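Asks: What follows is the residue order along each chain.
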Amino acid sequence: MYKINSQSVPSTIIVILALCAVLAGGLALVGGLDIHKTKKSAAEEQAKTQGEQPVANCYESRAIYAAVTRVENAVPQYGYPNIKCSKTTGGVLWYGDPFDGTIPMGEMPEVNDGTHGDFANAVVRPREPHLTYFNMGPNGCVTCHNGKTVPFPKDKKPRLIAMHKDIVEDSIQLKHGRGAMWCLDCHSATNRNKLIDRQGNEISFNQPQRLCGTCHGEVYIDWRAGIHGKRIGTWATGGKKRWWVCTECHNPHTVQINRFNQIKPEPAPPPPRGMKNADYERVGHGVH
Amino acid sequence: MSEKIIEIHIETDDVNESRRDFLKNVGIAGAATLVASPVSVEASADSANPDAETTVAELYQGHFVLMSDKDKKKAIERLEKRYTAKYGKNTTVSDAPPLEGVLFGYALDISKCIGCRRCVHACVQENNQSRDNPVIQWIQVMKIPKGNFSFSADKLNKGYPESSKVGDYGIQVGGNAYTPVGGLSTEEAQSYYSQDEMVPDKNYFYVPVQCQQCEKPPCVKACPVRATFRDPNGVVVIDYNWCIGCRMCQLACPYGARRFNWGEPNLPPEEMNPKTHYFGNRPRMRGVMEKCTFCVQRTREGRNPACLEACPVGARKFGNLLDPESDVRKILAAKKVFRFKEEMSTYPKFFYYIG
Amino acid sequence: MGKILSFAMDFGSHAIKGGPKYKAWLLFLLFFILVGSYTAYRQLTEGLILVGATDQIPMELFFGNFIFTAHVAAAAILVVAPGYFYHRKDIKELAVIGEIIAMCFVATGITFILFHMGRPDKLWHMLPGIGLPNFPNSMLVYDTIVLNVYLFLNFAGVSYILYKKYVGEFDTKALARWFTPVIYLAIVWGPLIHICTAFVLSSNARMGEWATAVLPFGFLAMAGASGPSLVILLFLLIRKNTKLQINDSVIDLMATIIGWSLGIIMLVFAAEYFTALYSNTEHAASLNYSMFGHNGLNMYTPWFWGTVGSIVCCFVAILIPKIRKSYDLWLPVVCVVVFLAILVEKPMMLVFPAFSPSPHGEYTEYHPTLIEFFNVLFTWAIGFITLTLMVKGAVGILTGEVKYHKPAASE
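Protein chains in written order, with our numbering: chain R, 995 to 1282; chain W, 810 to 1164; chain E, 4 to 414.
A hint or two may mislead.
[What the hints assert, rightly or not] Here are the simulated lysine-lysine pairs, DSS-like style, with alpha carbons at most 27 Å apart:
id	chain 1	residue 1	chain 2	residue 2
1	W	K955	R	K1258
2	R	K1159	W	K1011
3	E	K243	E	K20
4	W	K967	W	K955
5	R	K1081	W	K895
6	E	K406	E	K26
7	R	K1081	W	K898
8	W	K1011	R	K1169
9	E	K243	E	K92
10	E	K6	E	K20
11	W	K1011	R	K1081
12	W	K955	R	K1169
13	R	K1169	R	K1258
14	W	K1011	R	K1258
15	E	K246	E	K95
Keep in mind that the hints were calculated from the coordinates and are not lab data.
All values reported here derive from a predicted model rather than from experimental measurement.
The whole structure should be built from the sequences, with the hints applied where relevant.
Replies: Put into structure tokens, the structure is as follows:
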């Protein structure tokens, strides 16, 4: 019903949409954190009561989709903030409290492959707060995708969609699965706040690994073993660790182009004293 | 606040029994310092020059490992007092001993590293390096080109010797692929790539280098006063107070991992990390060597190094090499692992792998 | 006791006596010592940040100069050895001057090392007993031992000979029982300070350019060239300005040693460069850098070719009898060039370029600072003023101008 040729959409609309989404994402995140947070640090509470409105200007692995907010004095013993961010790029550099804003990972299925997942003390930062597209409030995607405002699709046939162009630029050309996949292969048609696997089981956005792992088995095994992916906290086996789930690093909608999206690096070290620059190292490469 | 520390270190294996004990102690010690420190701040404010007696005492201070427990305590107190006064923060200097039954190892996935240099700056945040004049960074990220040759049929027979007379016998040097290709050769490495370009660049790969914590460290062998040594956890640490600043270790290190405090370090008080370790991130003085310690102040308490926590792609893995279930051991078993500059026979415990 | 006191007084007063040229020379050196005192104070209080060294090139001009002083110091045995091993009468008398050179330049070298240290206040950590020397492993500990023992041996030799000559008891046939072993030990010890210094460098597997077995041989050959150059200059000056007799045969012997040494230096260079450049592996990277530069960085190139050129030219020159015998003009010129060439070779060919490429493949140029430069001059000035005063006093004793007068002095 929203059949619009993507070629004809003026680029300005896309830009405005994207900007709105960024803004909305940021604002909604602030709101969303309040609802979904299970562990509130005392310092954060204090900051709230003093009327300080923390603004998310840092990100972990993925810009926008892994935004975090610096909270001062989150670890009062040492006067640490929860995170320290780069002044130049906003990347999170340092964790005062590695378990800030985390929840238990939840149940993970057993796998009889010899990898004993170290999930006893696994925590994750919940992904569901990031579902606040256009600042829809506590109900998330279901606010619109409720079967009435936006009718449920009748089948899983791929078709062009006008919405969410900032997430998926061209749904027919989804940059995942090389043409073999479409939105409803992962997103539940009737409950947009959930993912869905091929058996029709609904999966929380907080546990995308249970969906991704169904196809990417090899990576999934590595991830369970602690070889693939990021984990912080304690180093000891069985210790408390914060796990990064798939979508905290990878954008499932563009993963075919970039496994990891390009970001800006932190500043280079200054050239050794006495050297004006380090141009010599770029000679002969033909680039830059 | 001691709860906070304990909470971070939930231990399951029996190896960690003793550690839990000392973790508690550290927590209590931290609390004690917090209570006691206002007094010490006052005391130091009273005397005209709080540094004077400390300086004199430090002049005669022996090698930390050989000091009696009483002297160690005194030395630690001296340092805490000095740092607290200097940086205006309640600084704790831990002397937590090495862990039992632990050999630290590190693994880094060069197929994942994107060269964002977050580890470099995380390390600076954690380890109280001098921020300016001299700029000290313990990690250096090399950007190495992949093999991009300019292939062309014209070059097939171009090279040395050029004479057509010997052309029939083939050239000895030359051809299409007669240019260096990255590998782990540092020949084409760039360490100063700009912060304005996006990473990762498809034509390059990135290799961060820091102290490799060798099992046969040439730096330790070269040190004339045994100021640097390999601790029982396999980490090469430095007693900054014992270092004489001769820089022989810097000459000996094949990884360029050691950094020298050429001048008085510049560490802004607001950026100072008040949780320190004697062999780790306590603020250094002028004229001594420093280097990566795998964040000894964190790892001896069970937490991961700062560079690992900063890595946005999870390319860095840290763990106990004696524990077959640790991440690092699993990587050693499952992946293609190699050491940097293996021909130096230094036997690093820092492994590069292709994940 | 009175004898020793009057020895010191007479020695000192004779040493500072001299014509206007001599006084001017001393004032010239004093000027650098004065300026250097300020720069040395700055470096001691503010640290090595004031010199040009970086983490990429951690060794500064001091280190290069230290190696050179070790060359000159070790070469002093080339004056002592012919006298004591071959019983050459013409040179045996002059052995003490050789030992003075050794003493002064070892002391200068140790001063350079003090400048090189990040924490000179903690040097006691190297002392056995109160410190913790890394004895069997660290080459720097060996080097420290060897240098200090050499300093002591030469000091003992010099003071014994001069004192005995002063009081008129020196008799070559009836030397003290301990003296002959000391002299012979000093002769054997000379090469040791070299070999150890070379090992301090070549023990670093990381430094590709230094990891060569010919390094000690190169060092010995350079000592054989630079030391006698200084000796010839000194002997020519002494001969011209004092009553001390120095035969042409002594000068010729020194010139011959320089010639042979330059030949060996060339052979060592050739062997090194061939081995590195034929296969042209990564071990040749530093050499390529100093020979041809790297991507626009070519600070060391002129120094490299200049030094190699001067060494070759001097070798050819010193083979020509006319030049070798031209004591007033050409021989001193050749000696000065050899001395300077080897002095320059140390930092600009041996030390600085060896650090490029760094372990991360960085190429760096070394830019010495003014303060560093003045500290180097300060140390050299101290070395030369000590040398001048010691030699002046020694010559006075050798010529008999300074003598012990028993009754007149005590009254």
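Asks: What are the numbers of the hints that this structure violates, sorted from low to high?
Replies: The structure breaks none of the hints.
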